[in-house]
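Protein chains in written order, with the numbering used here: chain A, 1 to 114; chain B, 115 to 229.
The hints are all genuine.
Derived list of chain A stretches under chain B, where covered just means 3 residues or more per stretch with a C-beta under 8 Å from a C-beta of chain B:
hint	segment
1	30 to 42
2	48 to 61
3	87 to 94
4	103 to 113
Derived BS3-like pairs: lysine-lysine, alpha-carbon spacing no greater than 27 Å straight-line:
hint	chain 1	residue 1	chain 2	residue 2
5	B	K130	B	K152
6	B	K152	B	K184
7	B	K117	B	K184
8	A	K57	A	K13
9	B	K152	A	K57
10	B	K117	A	K57
Everything labelled a hint here was simulated from the structure, so no lab data went into it.
Idealized CB from N, CA, C, for every residue including glycine.
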Amino acid sequence: KAGVTQTPRYLIKTRGQQVTLSCSPISGHRSVSWYQQTPGQGLQFLFEYFSETQRNKGNFPGRFSGRQFSNSRSEMNVSTLELGDSALYLCASRSAGGAYNEQFFGPGTRLTVL
Amino acid sequence: AQKVTQAQTEISVVEKEDVTLDCVYETRDTTYYLFWYKQPPSGELVFLIRRNSFDEQNEISGRYSWNFQKSTSSFNFTITASQVVDSAVYFCALSGETSGSRLTFGEGTQLTVNP
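If we strip away everything but chain A, and leave its shape as in the complex, we get:
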């Protein structure tokens, strides 16, 4: 099975712009979660989508949003970018068998905001 894929792998944006990141989960996985990783804050949960519905949300401002499509692919959008949004954004998928099933992560999208 192919793993979780994320595109693009690298992005450079300027403050005030918006960005959309994409994640394709492992085939058959219906849950997709997003995490932000920064040197200062570590790994932080953004949100989770399951069957096109947001199931869980972390403590991030409304500038961070996401959605999931019927094929389970997910996108994450950040509007009005700030310098502090520079981070590695990781997507994870898990099978639907249980909320505590292991999550499998993609390679991440490294976003740099100038």
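Position chain B against the provided structure of chain A, taking the given hints into account.
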């Protein structure tokens, strides 16, 4: 609130040494799950193990072993006969009844295995 603490920020060992990575957690959930992930320089988090709160049996997988002790809220990870390829950042994580599938990660431990 849930919390995971990995007090060791960096560990450096010489190849073939054994090394233990510490993880201490806090949760009020009765049912919870603990995880270990490895993050090599490529950035991808690689799943290593999942353990639920009702199973305190230690586990061994090749050179890896895990010691789960509810009495001390710890879930430590030992690599036996370390190899250079083990060099990575290792994260301990927790999820539970109140958080669903949301993972709470520790700060991570950077392990460097020198030849």
